[in-house]
Each structure stands twice: as structure tokens, then as C-alpha cells.
Amino acid sequence: MSPSGAVEKSEGDEAALRGGELLYCGGTIWENMGRRTAAAESNLVSPTRLRTFVGVDIRFVASGCSSCHCVALDVGGRCYTWGRNEKSQLGHGDTLNRNLPTFVHGLSKHKIVSAATGRNHTVVITDDGKSFSFGFNKHGQLGTGSTRNEIEAFPVASSVSEVTTAACGADFTVWLSSVEGSSILTAGLPQYGQLGHGTDNEYNTKESSVKLAYEPQSRPRAIASLSGKTITKVACGTNHTVAVDSDGFVYTWGFGGYGRLGHREPKDEWVPRLVEVFQRKNVLPHDAVISAGSVNSACTGGGGQLYMWGKLKTTGDEWMYPKPVLDLSGWNIRCMASGNMHHVIGADDSCISWGHAQYGELGYGQLGPKTSTIPKKVDSLEGMHVKRENIGDLLDKLEVYDGETAEGTEDDNSGAIRNQTNKREVKSASTKRKQEDTSKEDDHGDPDSDDHEDESNDEPDSRKSKRRGKPSSRGRGKGAKKIASEAKNSGRGRGRPKSVSKGSSDCGGKKGKSR
1 MSPSGAVEKS
11 EGDEAALRGG
21 ELLYCGGTIW
31 ENMGRRTAAA
41 ESNLVSPTRL
51 RTFVGVDIRF
61 VASGCSSCHC
71 VALDVGGRCY
81 TWGRNEKSQL
91 GHGDTLNRNL
101 PTFVHGLSKH
111 KIVSAATGRN
121 HTVVITDDGK
131 SFSFGFNKHG
141 QLGTGSTRNE
151 IEAFPVASSV
161 SEVTTAACGA
171 DFTVWLSSVE
181 GSSILTAGLP
191 QYGQLGHGTD
201 NEYNTKESSV
211 KLAYEPQSRP
221 RAIASLSGKT
231 ITKVACGTNH
241 TVAVDSDGFV
251 YTWGFGGYGR
261 LGHREPKDEW
271 VPRLVEVFQR
281 KNVLPHDAVI
291 SAGSVNSACT
301 GGGGQLYMWG
311 KLKTTGDEWM
321 YPKPVLDLSG
331 WNIRCMASGN
341 MHHVIGADDS
351 CISWGHAQYG
361 ELGYGQLGPK
371 TSTIPKKVDS
381 LEGMHVKREN
391 IGDLLDKLEV
401 YDGETAEGTE
411 DDNSGAIRNQ
421 TNKREVKSAS
431 TKRKQEDTSK
441 EDDHGDPDSD
451 DHEDESNDEP
461 DSRKSKRRGK
471 PSSRGRGKGA
481 KKIASEAKNS
491 GRGRGRPKSV
501 SKGSSDCGGK
511 KGKSR
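Read the sequence shown against our numbering and you will find it ends at 515, with the numbers running on by one and no gaps.
In silico EDC-like links for lysine to aspartate or glutamate, alpha-carbon gap of 16 Å or less: (1) K138 - E150; (2) K229 - D247; (3) K233 - D247; (4) K109 - D127; (5) K111 - D74.
Quick caveat, the hints were computed from the structure, so don't treat them as lab data.
All chains should be modelled from the sequences, with the hints used to inform the complete structure.
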């Protein structure tokens, strides 16, 4: 997705429980996001405080590469959502967009500890292992066991138990459970094999002609091929899944275009397949970080080295198997999130971002670059990974976003704005927004037309994607000009240098700290 969120926490278990303040950068015109370019003035191009969360300790943030909405959980287990809401994915019982985080009243009796977002649905996990979901359910992605209700506007219970965490692709959901033999369960759209059950549930809807459809899987089902494994980590791209077991082995499955599965071939995988690079002495450590973007995947291996594979740039060759990102060698990577074609990591006391961006989601500010092909530090966040009481002065220097408050309302829904009925005029990213009502309708139609679709619909694929060895017409188009991604490697980032200039913000292994 386009926005980026950051929660600055202090070190240690106690600090993790205390949380930190959420900062946001990226787009604010939710109905346009991913569909058409919004006015640059409407984007928050620097990390910005949200008025709702000033002084609130947030311990968990969720969004996704196919999402245009966000979820935040505070230290008390209260759940807040904001963003696009055309399919009731915010859980407030309506289809009003929210510019500011709004408390989900339907979850007030539960302590929420984890959450995940898909294109038009949201899944949350409680402290007692229950799962609730809301939003679009056409493909059974809510895991309720039924698709009778295409949209669930309020939180409903999913048919899973003893859940520890969840991850969402565009139209499917993956749950991790502590139930022996069923540590990973999936539900939703099976079109590319992303559910891992060995089938895409394809069938023909007409006898006289060919019109293919895919039978939804509405009841969460354990992946049989992983029944003997304990899956501990999972991440989902738009139509693919990455998982790690307790032994440090990495598995991927789903849509294989651009090599995002890491198997040296752009073939769809209908069941989990072991990534060969991460075996023997190169298995992942227990504190490894994994992430999945729309068209790529990433994880940290031994020594904290970041590996990536898939399509990493808008031009150039894909990485068909995991390769180390040398620019980030020597950094202690704590967390990572991936959007459509951009990435953000927390490393040591820095926040680092890179990739292709449209809405200021890299956080470089008005004077910084819009995009970056190499990892670059977000200067305004430098040194904020410390105790809150020591960064008060730094936070005070950041702008506060007030959203667009409906006139005369001060309740939790004050940030609600009716979909497709207003066009905003924004003075600047650092001042209050003024709302200008118009009758102009959004001409981009139903979001279910896959406005945030995987590359199979809106990005050219220069390689053939194969389904079970057969050529696929999805994900192909004009081939990008081939540029060797590792040609003339400068050797930057090969280990942490002993010293570096404090003024440098590029991350070619540059750190103002010695080993």
C-alpha cells in the first residue's frame, strides 16, 4: 500500500509492552490511492503525528502491500482503524472512509494483540487466541465458514482456535495456531495456489462456453504438507505466501511471477516448497525477520544479513532466488514492512526506506527524493528508537495531522468522510486540511475490479509465469529492458565500517557506530 507507519519503541520487554507513538507518512486521499495520482500537496511526505494518537502508546501496527487501510493496537489492547472503507474493512458498520484512527467499538470487550489487513478485509487476534474479521468476504477470506454475507460490516468470529498471529494477502488469510498438527491454516481465494492445498479450485461456470471461476474456501483449513512442521512466522504478498518453521527452514507458495517465490523459476506453486538457499548452515535464526511485498519477498538470515528476491525495481532484472542486500550488511535489522514496490526497515536506532513511491511513503520530506533505488535513512527519525521521555523534543518538531473533521462533530467518527463524494483541497502536509464538497463521483468503479491487483493485472511481467509447469498468460506484458542487477558492484555494505561521517544518510553499509 502507499502509506507507511512507524512505531518508535524503546529497548527491552518492558518497553515493548509500553509501546510508542505512531508516526505516519504517505497518501491521505484514500479513494484515489492506487487508482490515480492525487495532488502532491495531499501527501504526508515526512513522518507525521496523528492527532488521535498524540500521547497514546501504540504497540502494534498493521497494513499490507495490497491494503489502503491501517490498523493500530494500543498497549491496552484497543483496536483502531482508518483509511479506505468501501467494503466495511474498518469494522465500524458503515462504508465511510476515516482520515484519522477510529476506535472499533465492536471489539471493545476483547483485548486485541495482533492484526492483519488484505485488500478489502481485516483480521484481528485476541489475547485468548480467538480471531475476528470484518470487511469483504466474497472469497471466504474472513474464515467464517460461509460466504452467505459478501460483506461483514462488524467484527465476526473466524472458525479457528488457539491463534497466535495472522497474515493477509489481497483476498486470502493465513492463521498460525498452537494446535498440534495444524500450525498453519488458510482460507479465501485459491486462484494461484496461495492457500497451499494443491489446487486452485478452478471450474467452468458455463456449459456452452469457457468462463472460469475459483471456488472460495470459506472455512480455514490446515495445510496438510506442513502438518509435521511448526510454523512460527508467516508473511503474505498480494497472491503469495512466505513461511518459516521452528527449524529455520523457509517455504513459499502461490503466484510465482518475477521469481518472488525464490525457486529460480517463475512458476506458480500450489503447495509449500522449500527455498533451497536457506538450508544446512544457512537456516534462519529464531529472531529472523520476514516480509512480503506485492512482487517480492525478504528475510534476514544468519548474522542478520537481509536477503531479497523477486522484482525489486521498476526496471532491470528480477532476482529469481534469494540474494543478500549488500547495502544493508552489518545493520541489526529489527523489523521490516513491504508495500507495493517500496520497503521500510527499523535497523539499530535508524529507520531506513527505499523503493518506488508515489505518495511520499518513503518519508524523505519535501526536499528529499521521491524515490530511491538504494536504502536511505529517514533523517527526521534518526535516534528515535530510544525511551519516550528522551525524545519529547524531537517529537515536538514533527507536524501533527488533524485529518478532515466533519463540521460540528467531535465523536469517534469525526474523521469519517463519505466515499466518492468529496475532492479535497489541501494547503500543505503540515497544516489542517480544508474539506471542499463536490458532487463529482469517483470514476474508477468498484474496488473489487482489482484496482490494487497483483502485477498479474497491472504490471508487465517480462518472464513467463507457469502454473504447475504450464505457461500462464497472467503477469506478462512488454518486457523490461534487461539490466544486470549486480553489474559493477561497488562493494558497498560489505560489513559494518569502523567509522562514518555523521552527515551521511545513504545506507551503503554506512553507520555512525563501530562494531
